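Make the full structure from the sequences, and use the hints.
Number of protein chains: 2
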Amino acid sequence: MNTEVRNPLVLFMPSGKRGRFAVGTPILDAARSLGVYVESVCGGRATCGRCQIEVQEGNFAKHKIVSSNDHISEKGPKEERYERVRGLPEGRRLSCSALILGDLVVDVPQDTVINAQVVRKAASDRVIERNSAVQLCYVEVDEPDMHKPLGDLDRLKAMLEKDWGWKDLLVAPHVIPQVQSVLRKGNWGVTAAIHRDMDSSRPFIIGLWPGLKNEAYGIACDIGSTTIAMHLVSLLSGRIAASSGTSNPQIRFGEDLMSRVSYVMMNPDGREAMTKAVREAVNGLIGKVCEEGNVNREDIFDCVFVGNPIMHHLFLGIDPTELGQAPFALAVSGALQFWAHEIDIDVSRGARLYMLPCIAGHVGADAAGATLSEGPYRQDKMMLLVDVGTNAEIILGNKDRVVAASSPTGPAFEGAEISSGQRAAPGAIERVRIDPITLEPKYRVIGVDKWSDEEGFEDASWATGVTGICGSAIIEVVAEMYLAGIISEDGVIDGAVAARSPRIFQNGRTFSYLLREGRPGEPRITVTQNDIRAIQLAKAALYAGVKLLMEKQGVTEVDTIRFAGAFGSFIDPKYAMVLGLIPDCDLAEVKAVGNAAGTGALMALLNRNHRREIEQTVKKIEKIETALEPHFQQIFINAMALPNKVDPFPKLAAAVTLPARKMDSEGSVAGEATPRRRSREERAARRDRN
Amino acid sequence: MNTEVRNPLVLFMPSGKRGRFAVGTPILDAARSLGVYVESVCGGRATCGRCQIEVQEGNFAKHKIVSSNDHISEKGPKEERYERVRGLPEGRRLSCSALILGDLVVDVPQDTVINAQVVRKAASDRVIERNSAVQLCYVEVDEPDMHKPLGDLDRLKAMLEKDWGWKDLLVAPHVIPQVQSVLRKGNWGVTAAIHRDMDSSRPFIIGLWPGLKNEAYGIACDIGSTTIAMHLVSLLSGRIAASSGTSNPQIRFGEDLMSRVSYVMMNPDGREAMTKAVREAVNGLIGKVCEEGNVNREDIFDCVFVGNPIMHHLFLGIDPTELGQAPFALAVSGALQFWAHEIDIDVSRGARLYMLPCIAGHVGADAAGATLSEGPYRQDKMMLLVDVGTNAEIILGNKDRVVAASSPTGPAFEGAEISSGQRAAPGAIERVRIDPITLEPKYRVIGVDKWSDEEGFEDASWATGVTGICGSAIIEVVAEMYLAGIISEDGVIDGAVAARSPRIFQNGRTFSYLLREGRPGEPRITVTQNDIRAIQLAKAALYAGVKLLMEKQGVTEVDTIRFAGAFGSFIDPKYAMVLGLIPDCDLAEVKAVGNAAGTGALMALLNRNHRREIEQTVKKIEKIETALEPHFQQIFINAMALPNKVDPFPKLAAAVTLPARKMDSEGSVAGEATPRRRSREERAARRDRN
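Chains as they are written, first to last, in the working numbering: chain A, 1 to 690; chain B, 1001 to 1690.
Certain hints may be false.
Said to hold, decoys possible - Simulated pairs of lysine-lysine, BS3-like, Cα-Cα distance not exceeding 25 angstroms:
1. K620/A x K1148/B
2. K1167/B x K619/A
3. K623/A x K1162/B
4. K162/A x K1623/B
5. K1148/B x K623/A
6. K1148/B x K619/A
7. K1620/B x K167/A
8. K162/A x K1619/B
9. K1591/B x K1381/B
10. K148/A x K1620/B
11. K1620/B x K162/A
To be verified - Stretches of chain B that chain A covers, calculated by requiring three or more beta carbons in the stretch to come under 8 angstroms of a beta carbon on chain A:
12. 1149-1156
13. 1310-1324
14. 1346-1360
Since the hints were made in silico from the structure, they are not lab data.
The structure presented is a predicted model; accordingly, all values stated were derived computationally and were not measured.
From the three backbone atoms N, C-alpha and C, an ideal C-beta is built for every residue, glycine too.
Spelled out as structure tokens, the structure:
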């Protein structure tokens, strides 16, 4: 025999972990010993089917894969019975029953894939390795014995330690009165749900069922000011059972965050009412995802929540008033964990709840979730991650250092404070192009398939109407007006252009652009000088925050940009850059990642290691308070221009023909007074209007 | 200088722990470093006054105590201020402020003394060393800082780690929304209540107050079938603020344990109703001790409960049916801990609850409490510990080995199933003596100061009446009848004696003894042959259990006996032994220890180390199921005789003149038939009567 007498080599994919194991070792045991996560509920009895793997055989010593069948054991009677009763997909084996006979490559199926159906415009499909805080463990408990009067619960614990290695188990009090009857109903065979988040904390028995319980779910939820989004996912397979969203009912107390804080300050019961409203909405949304996924809410055992600091506080029942004023003190910044029922979340009585940490007073657990999802700290590239809302949350960094800030962009990007602005909804203009020669626009409307210059648009748009401009189109129309030469780089609509097109018309002391006249009963949709100023203020605030963080990092450019959040999903990176929301960057490296906060929550739900990862990361993130930076105002003023007064945009210029600069490209001091004075005027005008 | 240059030696009493410390070390720090428990809430600010100690000075090198004043620092301004404002008892110092200058003997005052007011007929005053699971910690928290955006809670945790060494603190969810306002109300100085039971579990913040919070209480509670007893105690000083009891309202569902189990079996809502009743009674009793002790129930942060297995299960909401039938399976035997509010106990929202472990299906957490209190496992002497109720719980052992059993004594000792029996209450006869010559009785009645043969007894007893015989007097009257020769050692009332006194009279086929004729409207009080049989059955059951355990231990005598429980408190050891409830023993070594179960609960409340101690001990106790022992019946039959058919009572005989034995002292088989047959007759008769 010329074969070396060595134990077979087994390689697990996708992790790449490998080791040599004695012939006859169950593949599940080999995986466990290498720390490769393979689910199992029945504890090797070949009844739960959770430990499925796919195998390729190989003889690595000879550097080739052979297709002989002798490197893995044949299916035994238990596995055959499972296949007969429950079915096994082609090529799948139960790793608890399949024994190692020779070298193997084992694929561990990863079923959690965040894909485009879940996250709009997702950068890429993503696989989340599972290591959930909840584990289902089937055991067969000794019957009571007068000679050894250990209690039912105590014999259950003893078996959970013997078969599964659980030591020092605590027991959720609601389980205690059930133990007796569940053991007898299961004829001493029961499944326990064990929860352990941190290795340093003692594990808990959180549920108990007669016989084999073979499914457990969790929810990952992002509480946004406007929308609450939720994933319902199997903790055993990682399969996403449903994803859905609902409006945040707190909107009736105030559209934006600060008006909700004001509501709390002015109404003695305001905080309580808003806490109740958001918890009820979350419970309603749980009902919705459970119905969609055909899941019983009693089968939800773990919950992960993220939200901006004010949503985070209101959800927890904390007064958010302090967040509305300097020093913007968070009541709680660290991660939290407790029983879901303790804050009235209506799932299994034994379900736990985990909230990601907040980064700072205006950079919340949602930003932490997005950070976990996009992982600037995991890579060499300098990544800019922005979540644009009423406040922009900005993260910049790489594996060496991460810095964060928030910038008060105001609600302009969301369509508020814009004369023809509206929420993204059917009838809203979402895309705009302006012909640089004729200055004629064309646009697309949400709910209508055609561009406005295509035949049949008017017929097609009767159902929705054309009612206003939503956030993404506001960016585009201003950028297109700039690219078409209608506005200068300092944001002024050029009255001289009015001679070229009736669409530019005088409106008091300034000029406006007519986007659409409107049919009878529809509004006239225009872009006013005020609108442009509002966008300039918002984008300058965002850019100034980004710039400040770049200074802190000592970089003059970023390698890659991620737009998180609903707004970011609809925005065209090119126009964002033309407008100067974001610094110059290779356009291919600017990506919308959808609800990255929700994806981060999902990661923390499916793998408790991600909780430690983000807790440690948040501790290391350096928070910059823009208001305390002496030259923030200067950067802000320079950022008012399109795309920017001082920073060059060579990569953008390579992709887009930018108008020639009229101003001193160094940013003359003389030029500064104009935007600053005007911006003050605009602010006063807005104040009068409100 | 002839003094050796060595650091001063400090000796702490009563622990005897000692060490050398640098001159200038605060005494509190020295105590901490030696593991001597000295309370402190303010963290060395000389404001809480909890760290008081008394000092003797010494120069141990010369083996004499010198009274010079130079071994301890003078009172500084902080300590003087405390003395001025709050007062310091003579000789007391604040150990946080008093510095070591030379050799010292330091007395740490121990304020928890279980004394006769708390425990009737306590064996001795007892000091419980304190190491409560709850600690109050005052800290001054950093104000919020925009440059370091840690949350309020997170800065609080950081300071609790810095000043007090608490790591990885968890937070009770109800505290989270309070943190913000409490910190501001206290102007950043706050007191946190920290709970940590096991060193292996993570500590919890369970409460938070502005400024210095300088008191925390706990309750120790024994849930008996008849009576619920409770201590309210300061967790900081160990002072018992109040002790009280109340009837167990479950009595309305059934007098004894088995009738309550039957009630559950026959009524679908029975378990729930009894759980609700006992929790309400506990909450009522908490109100009562709080009123007596002038304590707010919101200041109770820790609770320890004991009870027999059926009370334990019903209190926890567990169906006790399994305990009513073989194999007497406990649903839970191990110790439990959770939030008090989780089982509706109305104390501070952050209070924890600990239940001692059960030993076996009929040897409950109350027996574990008594075991902890009396500590057979802590000593060389072979100790017999019995708690007599409807079931006798019996513990026998020493530091080498402890065995336990229960024996079904039935309710006779409690006055039930006795013709003139009644509960211990005013009007009940509690002591009886019978003149061996005249056969005339004298007796004492609860609530009356005089013996019945003293002048004025009849006048004095009008208020209470003379209504029956309580448990302790039943023991005495039967024992005295035996000592007076009225009954034989086989328990038969001798008809021949009727000739000597009209008090012995025929009653159907047997004879009775007239204890009291009764005034108009009062019952005639007699002792019937049935009564004596009931007592014989009960005492034989107890004795047989004891004997079985002695056999397991391989001993023929015990060194010391403890009677726990209310019954044991009133019983005269001499009569118990004459009757043969307990084996022969030096009478001076037979002691009633009152509610030892409650004392054990108090120990576990004041010192969490006692929890580990009893958990470990219970695991090691060997449980004997009397029903499974083949010769239990034989021992039982032999134990029917007074004091016993087979075992000698030399120590008793040395103290009391016992009647000459009429029966074969070896216990003739011929003689056995009589008590056994009769006992069966008696059982049948009782059955008919019920």
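Status of each hint after checking the structure:
no. : hint              : result
1   : K620/A x K1148/B  : 11 angstroms, holds
2   : K1167/B x K619/A  : 16 angstroms, holds
3   : K623/A x K1162/B  : 23 angstroms, holds
4   : K162/A x K1623/B  : 23 angstroms, holds
5   : K1148/B x K623/A  : 7 angstroms, holds
6   : K1148/B x K619/A  : 10 angstroms, holds
7   : K1620/B x K167/A  : 19 angstroms, holds
8   : K162/A x K1619/B  : 17 angstroms, holds
9   : K1591/B x K1381/B : 14 angstroms, holds
10  : K148/A x K1620/B  : 11 angstroms, holds
11  : K1620/B x K162/A  : 20 angstroms, holds
12  : 1149-1156         : holds (count 6)
13  : 1310-1324         : holds (count 5)
14  : 1346-1360         : holds (count 3)
In summary, the structure agrees with every hint in the numbered list given earlier.
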